[in-house]
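Mapped onto our numbering, the consecutive letters of the sequence shown carry residue numbers 1 to 161.
Among the clues, some could well be false.
[To be verified] Think about it this way: if two alpha-carbon atoms lie no more than 20 Å apart in a straight line, the pair counts; the simulated SDA-like pairs of lysine to any residue are: (1) K105 x E117; (2) K84 x E36; (3) K103 x H123; (4) K83 x N24; (5) K83 x F14; (6) K81 x Q25; (7) K154 x N128.
[What the hints assert, rightly or not] If you anchor each label on the Cβ, the simulated ranges turn out as follows: (8) H19 x T100: 35 to 45 Å; (9) Y29 x S153: 49 to 59 Å; (10) G98 x N70: 29 to 39 Å.
Keep in mind the hints are simulated off the structure, nothing from the lab.
These numbers were taken from a predicted model, which means no experiment stands behind them.
Here a beta-carbon is modelled for each residue, glycine too, at the ideal position from N, C-alpha and C.
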Amino acid sequence: APLPKTTAVTYEQFLAVQHGWTRNQLTSYLNNNPGEIFLQLSVSPGLFVQDVDYTNTNPNVTVGFSFRNNALVSKTQHGFKEKKFPITKAQYDLIQVGMTRDKVKTIVDNEGQLLGEGESDTHMVQYNGSGTGWERAVGPTVRIDFLLGKVYSKGANWFND
């Protein structure tokens, strides 16, 4: 009997997917799983755009990959929660716009959870807050955006000491 169709992707697979991969390389890497085409259009004779989504039902996770002229240009994920990436308010306060990604990793002592990455060395990273005054039912989250490898913006919810 044929295996049931699945479009599930693990966080480790998401991390391993590289810019420049073709759609066939992605499909092959993901165990011949083609995903579902979310958007496909020819913008001009020399520009073909395709967005492919993968969905996990338990937990509820969506992973997206964008291709331009059959080359991967960006990837995003929403919903992976199997691993925590802790940050304290003191660490958050040390992070400044313009710092390199390596410097932030040194301050926080972990790489954070990758939410997405794109062209121009763009990365969106999330951390889980810990420490006195941070605890909430959902838990505080910190997001740091990097552009050209440096902190472009940072934000947090529930920083109520």
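Verification of the hints:
1. Restraint check: the Cα-Cα separation between K105 and E117 comes to about 16 Å, which is no more than 20 Å; the hinted pair holds.
2. The straight-line distance between the Cα atoms of K84 and E36 is roughly 29 Å, outside the 20 Å bound, and the hint therefore fails.
3. At most 20 Å may separate the alpha-carbon atoms for a hinted pair to count; K103 and H123 meet this at roughly 14 Å.
4. Distance check on the hinted pair: K83 and N24 sit about 29 Å apart at the alpha-carbon level, beyond 20 Å; violated.
5. Between K83 and F14 the CA atoms are separated by roughly 14 Å; this keeps the pair inside 20 Å, and the hint holds.
6. At most 20 Å may separate the alpha-carbon atoms for a hinted pair to count; K81 and Q25 exceed this at roughly 26 Å.
7. With a C-alpha separation of about 13 Å, the suggested pairing of K154 with N128 holds against the 20 Å cut-off.
8. Range check, H19 to T100: about 19 Å between beta-carbon atoms, so the 35 to 45 Å window is missed.
9. Distance hint check for Y29 and S153: the Cβ-Cβ separation is about 31 Å, which falls outside the suggested range of 49 to 59 Å.
10. At roughly 35 Å, the beta carbons of G98 and N70 sit within the given window of 29 to 39 Å.
Hint compliance for this structure: hints 2, 4, 6, 8, 9 are not met, and every other hint is.
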